[in-house]
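Asks: Residues per chain, in single letters:
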Amino acid sequence: MAKSDVKLLGAWPSPFVNRVQIALNLKSVDYEFQEEKFDNKSELLLKSNPVHKKVPVLIHNDKPICESLIIVQYLDEVWTSGPSILPSDPYDRATARFWAAYVDDKWFPLLKELRTTEGEEAKAEISKKLKEGLVLLEEAFIKCSKGKGFFGGERIGYLDIVFGSFLGWLKAVEKIAGLKLVGELVTPGLAAWAERFCSHEAVKGVIPETDRLVELAKIIQARLKAQSAPK
Amino acid sequence: MESQEVKLLGFWVSPFVHRVEWALKLKGVPYEYIEEDIFNKSPLLLELNPVHKKVPVLVHNQKVLAESFVILEYIDENWKQCPLLPQDPYDRAKARFWAKFAEEKILSDGAWRAARAKGDNREKALGSTIEALEKIEGELKGKGKFFGGESIGYLDLALGWISYMLPVWEDVGSIKIMDPTRFPATAAWMSEFVNHPAVKDSLPPRDKMIIYFEKRLKELEI
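Keeping their order, the protein sequence lines are chains X and W. For the first sequence, position 212 (counting from the first letter as 1) is numbered 212 according to our numbering, and the numbering increases by one without interruption. Just add 231 to the spot in the second sequence (first one is 1) and you have our numbering.
Be aware that a few hints might be false.
Stated by the list, open to error - Result set (BS3-like, lysine-lysine): computed pairs, CA atoms no more than 30 Å apart in a straight line:
1) Lys294(W) / Lys47(X)
2) Lys431(W) / Lys7(X)
3) Lys366(W) / Lys47(X)
4) Lys37(X) / Lys285(W)
5) Lys272(W) / Lys54(X)
6) Lys336(W) / Lys54(X)
7) Lys131(X) / Lys366(W)
8) Lys284(W) / Lys106(X)
9) Lys336(W) / Lys7(X)
10) Lys284(W) / Lys128(X)
11) Lys63(X) / Lys294(W)
12) Lys175(X) / Lys123(X)
13) Lys146(X) / Lys374(W)
14) Lys123(X) / Lys285(W)
15) Lys148(X) / Lys431(W)
16) Lys106(X) / Lys374(W)
17) Lys54(X) / Lys294(W)
18) Lys143(X) / Lys355(W)
19) Lys63(X) / Lys374(W)
20) Lys131(X) / Lys272(W)
21) Lys294(W) / Lys355(W)
22) Lys336(W) / Lys47(X)
Claimed, not checked - Anything over 12 Å on all C-beta distances counts as not near chain X; from chain W, calculated:
23) Pro261
24) Leu277
25) Val282
26) Glu308
27) Thr412
28) Tyr443
Stated by the list, open to error - Reference listing, derived: stretches of chain X covered by chain W, where coverage requires no fewer than 3 residues with Cβ under 8 Å from a Cβ of chain W:
29) 57-67
30) 94-100
31) 148-155
These are calculated hints, taken from the structure and not from any lab test. Positions of the beta carbon are idealized from the N, C-alpha and C atoms, including for glycine.
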């Protein structure tokens, strides 16, 4: 498939964009990447995603597809010659989708909150909830992996991509907040999986370096503080 | 053929449960319905859905599933008759996109929020809900009876609550969202939807819904 047939509008720090990049890598799809700036969105982005005006947007043969989970499923349904991303069994697929929704709707919002929370007590409260969520995800990992290395079993799959894409920000927030969330003691399965995931061929070079994200978080915080400061 | 034992844990007025029931009815899948009192959750519900403790929960041959959209896709993949999602991957992506959009902008943070809110917050919620409905109206224009054409499908089930529950919320919350002159395609779709054989006789009685939501409104004022 020609490179110009597939275009990804994205931004390097976005875990949602990273998901799509990993999926494209898994399927060995040639694509053109267009970096978008948060405060200066391109005409193409505004035209392709008028409803949300957000990245990622996949443009395939001039047709835009939006929302990271929807894009990943689309890629899986179109590029059927590559390795499957979703499991083949309907119940395993439902399980993967259930945990993907949990990670996006319940767990990640807490991580975002922790990034900007100040005060030891407040941070402790959120990190407690995050850790409880990680215990659930550890159990899910044990069930889904069936003794193998990934949520998808022997190979990386949907839930690996969905949850794994947050590992960059997870490590960054651990550094910013000065605490450890994933560790060998409470979540040994996830700790080993995280390393396995980040060193996978399709993932290497996609998830940004922790320090780069920490720097970006500092810049964003400073900008927000400046905007809300009394004039 | 393995025995198909299907149980559905639900709550009579939950639109999330209704959409699962419509899917099962459309596919002709027999199921046992178990009514849950969500204000007094049973040990069974807490055991089957410990993560969210919510209905609907589908149990199929001992396999437990939760989250209505996840359940819909499972039903569609497991029972091939009367397909709910379109065949074409791009059309599927669009159906999933609009279902998510409506769920976020018209249901949760939309109409129900507007019904409960006061003053500025009410105006804001009303405005964004109507804006979202305009986009749905755009999707329906020139489509035929339903979002997918002549047959009912995934997106219809996802938005179906609009046809019978939104009018109740408008009544109880004294808000006006669904103006048929402003949203003629949506109004026509609502009528097709409530009259569909799989939907018609399964809707909760209007007066019962009014009483229930009046009470909830008082309890959940924001």
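Asks: It remains to establish, for every hint, whether it holds in the given structure.
Replies: Do the hints match the structure? See the list:
For the suggested pair Lys294(W) and Lys47(X), the alpha carbons sit about 43 Å apart, so the restraint of at most 30 Å is broken. For the hint pairing Lys431(W) with Lys7(X), the CA-to-CA distance comes to about 44 Å; that exceeds 30 Å, so the pair is violated. The suggested pairing of Lys366(W) with Lys47(X) holds, with an alpha-carbon distance near 15 Å, which does not exceed 30 Å. Of the pairs offered as hints, the one joining Lys37(X) and Lys285(W) is violated, with about 39 Å between alpha carbons and a cut-off of 30 Å exceeded.
For the hint linking Lys272(W) to Lys54(X), the alpha-carbon distance of about 39 Å lies beyond 30 Å, and the restraint is violated. Simply put, Lys336(W) and Lys54(X) have alpha-carbon atoms about 16 Å apart, close enough for the 30 Å limit, and the pair holds. For the given pair, Lys131(X) sits about 39 Å from Lys366(W) by alpha-carbon distance, which is inconsistent with the 30 Å threshold. A threshold of 30 Å between alpha carbons decides the hint, and for Lys284(W) with Lys106(X) the separation of about 14 Å falls inside it, so the pair holds.
Under the criterion of a C-alpha separation no larger than 30 Å, the hint pairing Lys336(W) with Lys7(X) is consistent with the structure, at around 28 Å. Of the supplied pair hints, the one linking Lys284(W) and Lys128(X) holds, its CA atoms being roughly 20 Å apart against a limit of 30 Å. For the suggested pair Lys63(X) and Lys294(W), the alpha carbons sit about 37 Å apart, so the restraint of at most 30 Å is broken. The hinted pair formed by Lys175(X) and Lys123(X) meets the criterion: a straight-line CA distance of about 13 Å does not exceed 30 Å.
Taken as a hint, the Lys146(X) and Lys374(W) pair is broken in the structure, with Cα atoms around 45 Å apart against an allowance of 30 Å. Distance restraint check for Lys123(X) and Lys285(W): the Cα-Cα separation of roughly 28 Å lies within the 30 Å cut-off, and the hinted pair is therefore satisfied. For the hint linking Lys148(X) to Lys431(W), the alpha-carbon distance of about 48 Å lies beyond 30 Å, and the restraint is violated. For the given pair, Lys106(X) sits about 35 Å from Lys374(W) by alpha-carbon distance, which is inconsistent with the 30 Å threshold.
Of the supplied pair hints, the one linking Lys54(X) and Lys294(W) is violated, its CA atoms being roughly 36 Å apart against a limit of 30 Å. Taking the CA atoms of Lys143(X) and Lys355(W), the gap is about 44 Å. The hint is violated against a cut of 30 Å. The hinted pair formed by Lys63(X) and Lys374(W) meets the criterion: a straight-line CA distance of about 19 Å does not exceed 30 Å. Taking the CA atoms of Lys131(X) and Lys272(W), the gap is about 25 Å. The hint holds against a cut of 30 Å.
With a C-alpha separation of about 42 Å, the suggested pairing of Lys294(W) with Lys355(W) is violated against the 30 Å cut-off. Proposed proximity of Lys336(W) and Lys47(X) is supported: the alpha carbons are some 20 Å apart, at most 30 Å. Annotated as non-interface, Pro261(W) keeps its C-beta farther than 12 Å from every C-beta of chain X; the closest such distance is 18 Å. Here Leu277(W) stays apart from chain X, with its beta-carbon at least about 15 Å from theirs, past the 12 Å limit.
With a closest Cβ-Cβ approach of about 6 Å to chain X, Val282(W) is found to fall inside the 12 Å limit, against its non-interface label. At roughly 4 Å from the closest C-beta of chain X, the C-beta of Glu308(W) falls inside 12 Å, breaking its exclusion from the interface. The Cβ of Thr412(W) sits about 24 Å from the closest Cβ of chain X, beyond the 12 Å cut-off, so the non-interface label holds. No Cβ of chain X approaches the Cβ of Tyr443(W) within 12 Å, the least distance being about 26 Å, so the stated non-interface status holds.
A count of 5 residues in the segment 57-67 of chain X with a Cβ less than 8 Å from any Cβ of chain W is obtained; the coverage claim is therefore met, three being the minimum. Here's how the segment 94-100 of chain X fares: 3 of its residues keep a CB closer than 8 Å to some CB of chain W, so the rule of at least three is met and the hint holds. Counting residues of the segment 148-155 of chain X whose beta carbon lies closer than 8 Å to any beta carbon of chain W gives 0, which falls below the threshold of three, so the coverage claim is violated.
In this structure, the earlier hints numbered 1, 2, 4, 5, 7, 11, 13, 15, 16, 17, 18, 21, 25, 26, 31 are contradicted, and the remaining ones agree with it.
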